[in-house]
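Chains as they are written, first to last, in the numbering used here: chain H, -6 to 257; chain R, 0 to 344.
Just to be clear, a hint being listed does not mean it is correct.
[As the list claims (entries may be wrong)] Facing chain R, from chain H, some residues (calculated, C-beta under 8 Å):
| id | residue |
| --- | --- |
| 1 | GLY(-1) |
| 2 | VAL80 |
| 3 | ALA118 |
| 4 | GLY122 |
| 5 | ARG167 |
| 6 | ILE221 |
| 7 | ARG224 |
It should be emphasised that the hints constitute simulated quantities derived from the structure, not laboratory data. In this text the structure is predicted, and so the values were computed from the model without any measurement. Heads up, the beta-carbon is just placed ideally off N, CA and C, and yes, glycines get one too.
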Amino acid sequence: MRREAGEVALAIEGVSLAFGGVNALSDVSFDVRSHEVRAIIGPNGAGKSSMLNVINGVYHPQKGTIKLRANGGWREFHDMKPHDAAVMGIARTFQNIALFKGMSVLDNLMTGRNLRMHSGILAQALRIGPAEREEIEHRETVERIIDFLEIQAYRKTPVGRLPYGLQKRVDLGRALASEPQMLLLDEPMAGMNLEEKQDMCRFILDANDQLGTTIVLIEHDMSVVMDISDRVVVLDYGRKIADGMPDEVRANQAVVDAYLGASH
Amino acid sequence: MLTSGQATESAPMKRQIPVTALCAVLAAGLFAPLLTGASALGFWLEVLLGGLMAGVLYSLVALGFVLIFKASGVFNFAQGAMVLFAALTVARLAERMPLWLAILLAIAIMVVLAILIERLVLRPLVGQEAVALLMATLGLSYFLDGFGQTLWGSDIYSIDLGIAREPVMILDTVVQGGILINRDDVAAAVVAVLLVGTLALFFQKTATGRALRAVADDHQAAQSIGIPLNRIWVIVWSVAGVTAIVAGVIWGGKLGVQFSISQVALKALPVVILGGFTSVPGAIIGGLIIGVGEKMAEVFLGPPMVKAFDLAGGGIENWFAYVLALLFLLVRPEGLFGERHIDRV
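One chain only, chain R, in its complex shape (with noise of 0.2 Å):
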C-alpha cells in the first residue's frame, strides 16, 4: 500500500507552511534595503545583478552535479575539480592557439575523461555501495586537482575572451546614476542560457535524451530494453564535462585560473540541497537563489551585523550559502524541486 501526500488534503497545505514562509523571508531581506531606504535603486540593482552573474556558474555546477546524479545515482564530489581541469586545460591550450580551438581539444578530453572514468571507475565500482562510489568521486576530485597542476602548471593562468574590460552604463535613463555592468558577465549569462536551453531540447526531442532519462527514473527497466548503461554514463559524464568547460572558462575569464576555482565550485552543494538532488530547473533556480542570497547579505546584511554586535568583520559570503541550505533541508529536505520519496510500506 501506498502512503502519498494525496491521502489527505490537507497533509500537502500543511507541508507548504515552512516552505512558503521561508521563501517569504527570504523575499522580504531581498527588497528590505530597498524599503527602509538603505540603499538607492541602481546600487540595489548592481548588487542583483552580481548576484545573479555568480548563480548563474554556480547553476553550471550545480547542472553538473545534478545530470550525473540523477543518471547514474553518484553523488560526483568531483564536479568542482572537473571546473578547474577544464578551465587549466583551455587555458594552457589557448596560450599555443586560438581560443575556439582550444575549446573544441577541451571538449575532446573531457569526453575521454569521462570514458575513463566509466571505465576505471564506475564499472568496477557498479553495484556497490552508494559510500564507495562517493569515496571514489572525492579521490577523483583529489586527482583530477592534482593531475590538472601537473599536466598544465600550477600558476595562476588568464583565459583572455577577447571581450572589452571596461563596463557599459545601461539604464541610465530609468535610474539615477544608472547601472554598470561587465560586458563579460553580459556574454556569460548568454553562454550559460545558451547552453542550458540546447541541453534542454537534447534531453526532450532527440532519442538519446530520451534514453537518458530513461535511466534517470529506473535502472532496472531501461536495461530490460536495451538501453546500454555504460554508454549513458560516458554521455552523461561527458556533458557534465563540457558544463565544466562552459562554467571553468567564464570564471577563469574573470578571476583568473587558479586552484581556488575548485573550492568555489563546491558552493555548488548547498545549490542542489536548495534546488533538489534530481532537478535540473532546480538547479539552475537554486544556483540564482543563492548567488543573489550571498551577495545581498554580504553587502546590505553584513555592515550592519558589525556594527551591531562589534564584530570583526563581514565574510557572510563564504557561509551564507550553506546556512540557507540548512535551512532548506530543515523545512523541505527533498529540495525545492526535488522528488518527493513516497515508500511503499
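Only chain H is shown next, with the shape it has when bound in the complex (with noise of 0.2 Å):
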C-alpha cells in the first residue's frame, strides 16, 4: 500500500531560466506533495533536466522562486546554491552518473553522509573518542542502504569498475545515504535493459514506501512513468503544456500532440 501524499513541499512559481538568448523555461509553475512520486517528463529538449537543475541550485533562474516547506514554515530561494540545496534535504542523481569512480562503493555512500557529520578536522585526524563513534554510526546507516540496495558484493569495489547498471545503484546509495526529504532522479532508468529497470523501479518505490522519501524524476520510458507516478508535469520547449494523474496526461491532447509533433 502506498503512503498517502501530503501536503505541498515543493512549489515552483513562474521560473524562468534561459542561456543567452534560449529559453530554457518560461513560466513554469508546479508543486510537489511530500511522500508523493512526481515525474518530468516532455520530447527532447524540452527543459527537464533544467528544471531539476533549479531546484538543486545548479542552474540559477532569472525570475521565478522555489518554495521549500521547512520545520513547518516556508523558505524562499531566489539564488540557491546546491549546498543550500542539500542542507534542505534535497538529494540527488545524475542522468550521466557523477559518482567518485576512484572510490569504493562504501567510501562513495559514505560521501553522502558527508553533511550530517559534525566532528571537526582535528578530531578525525586524532580519532578522537566521538569521532571515531560518529564514524561507526554513519557507516552504520550506510550498511543498511547497501542492504537495502543489494550491493553486498561489491561494497570494497572502486565504482569505476563496476557494471553501468550497477553503477546507477551506487549513484541513487549515496542520494540515500543522506537520508533526504526529496530525491531528484534524472533518468535513473536510461541505458538499463528490462530487468535492471524492473529492479530499479523497485527500489524507488520501495524509497518511496519505507522511508517515506518524496520523489521528483525524469524518464523517457513512459511505460515506467505511468506505473510508479502519482502525478505527471509534461514540459514541451521549456513550457508546462499538462500536469495531473498519469491517466489525464495520457488522454491529454497537447502532450500527445508534443511527442508526435504535430503542428502548432
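Taking the hints as your guide, dock the two standalone chains into a single complex.
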C-alpha cells in the first residue's frame, strides 16, 4: 500500500531560465507534495534537466521562486546553491552518473553522510572518541542502504569498475545515504535492460514507501513513468503543457501532439 | 559511446612500449657507471643518495602542486613561492623563539594565507577559464616572493635544525671506504616519509579526507551531496602550505633561506609532468626519479660529454629535469601515474 501524499513540500512559481537568448524554461509553475512520486516528462530539449538543476540550485532562474517547506514554515529561494539544496534535504542522482569513480562503493555512500558529520578535522585525524563513534554510526546507516540496494558484494570495489546498471544503483545509494526528504532522479533507468529497470523501479518505490522519501524524477520510458508516478508534469519547449494524474496526462491532446510532433 | 583502451586488447600493450623503452634506457644509464667500471660502488651510492635527498625535496613541492590541482583543478604556480615564504617565516620567527614554536606559528600563518587565497583569489574566479586561474597564481607567486621579503627581509637567513653538521660513515664494512652521509639528510628523509604517511592516512581514513577525494573526483556531484567546496579549498591550500613549510625548513636548513629557493622549487614542474598531475604517488616517485637522474647525469654524464665535444662546462643539473619531462610528455602525456583521458565521442 502506497503512502498517502501529504501537503505541498516544494512549490515552483513562475520560473523562467534563459541561457543567452535561448529560453530553457518559460514561466513554469508546479508543486510537489510530500511522499508522492512526481514525474517530469517531455520530448528532448523540453527543459526537464534544466528544471531539475533549478530545484537543485545548479542553475539560477532569472525569474520566479522556489519555495521549500522547512520546520512547518516556508523558505523562499531566488539564488539557491547546491549546498543549500543539500542542507534542505534534497539529494539527486545524475543522468550520466557522477560518482566518485576512484573510490569504493562504501566510500561513495559515506560521502553522502557528509552533511551529517559534525566532528572537527583534528578530532577525525586524531581519532578522538566522538569522531570515531560518529564514523561507526554513519557506517551503520550506510550498511543498511547497501543491504537495501542489494550491493553487499561490491562494498569495497572501486565504483569505476562496476557495470553501468550497478553504478546507477550506487548513485541512488549515495543520494539515499543523506536520508533526504526529497530525491531528484535524472533518468534513473536510462540505458538499462528490462530486468535492471524492474529492479530500479522496485528500489525507487521501496524508498518512497518505506522511507517516505518524496521522489521527483525525469524518465523517458513512458510505461515506467505511468506505472510508478502519482502525478506527472509535462514540459515542451520550456513551457508546461500539462499537469495531472498519469491517465489524464496520457489522454491530453497537447501531450500527444508534443510527442508525435503535430504542427501547432 | 566510449572509446577506451579496453576496447581492443593489443592497444594498451602497444602503448606501453615507448614508456617501457624510456624507463629501460634510464635504468641502464643509472647502472652504467657501475657496469662500465667508471665509478666505485661507494662513490656511486653516495651520488645516488645525494640524488634521492634532492628528490625528496622535489617530491614535497610536487605534492603541494598535486593536492591543489586534484582538489580545485588549479595549476598552482605559486607553490615555489609558498616554499620560500614558509622558509623565510620560520627562519625569522626562529630568531625570536624556539624552532618548534616558530614552526607551529608558521603553520598558523599558512592556514591564514590559505583562507585569504580562497576568499580573495579562488572564490571570485570560480567558473572562469583555467588560464585566468593560472594567471592569478602566477601573480600570487610574485606577490608572495616580494611580500615575504618585505615582511621578513631579503638577506640570506639560516635555520638551525640542531643537527650535528659532520657526516657519519655508514656501510664501511660492506663497501670499501664506506659511504659518507649527512645527518640532516637522514632527518629530512624521515620527516618527509612521516609527512607523506600522515597525509595518506588522513586522505584514506578520515571523513574530511574522503570529502577531499570526492571533490577531486567530481566537483558537481560533491556539491550536490553538500560538500562545501570553499572549505575543501581552504583545507587543501593549508595542507599545501604545511608541505611548503616542511620543504622550506629542510631546504633552508641545508642551503640557507634565500630567494633561489623559489626558483629551484619550480623543478617540481617537470616532476609533476613526469609523475602525472593527479597522482600523489606520481609526485613522490617522479621527484625521486628527477632528483637521482639529474645528479647522476651531472656527475657521470657531464665530464665525458665536456671532454668528447670540447664543451665549456657541465650545468647538466639545470636542464636535465626538463628534458626528461619533455621525453615523458612525448611518450606518455598523462605522466607515469596520471589518469588517462577517456573521451565521450
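Restraint outcome when H/VAL80 is required to lie within 8 Å of chain R by C-beta distance: Given a least distance of 6 Å, the restraint on H/VAL80 holds.
Interface hint compliance - H/GLY122 to chain R, C-beta minimum distance less than 8 Å: Violated, about 15 Å.
When the least beta-carbon distance from H/GLY(-1) to chain R is tested against 8 Å, hint result: 24 Å, violated
H/ALA118 as an interface hint toward chain R, with CB separation required under 8 Å: Holds - the Cβ of H/ALA118 comes within 8 Å of chain R, reaching about 6 Å at its closest.
Agreement of hint H/ARG167 with chain R interface, Cβ distance less than 8 Å: Check passed: Cβ of H/ARG167 comes within 7 Å of chain R, closer than 8 Å.
Closest C-beta approach of H/ILE221 to chain R relative to 8 Å, hint status: 23 Å, violated
When the least beta-carbon distance from H/ARG224 to chain R is tested against 8 Å, hint result: For H/ARG224, the interface hint is violated, since the closest Cβ of chain R sits about 24 Å away, which is over 8 Å.
Figure legend: structure checked against the earlier numbered hints; hints not met, in rising order: 1, 4, 6 and 7.
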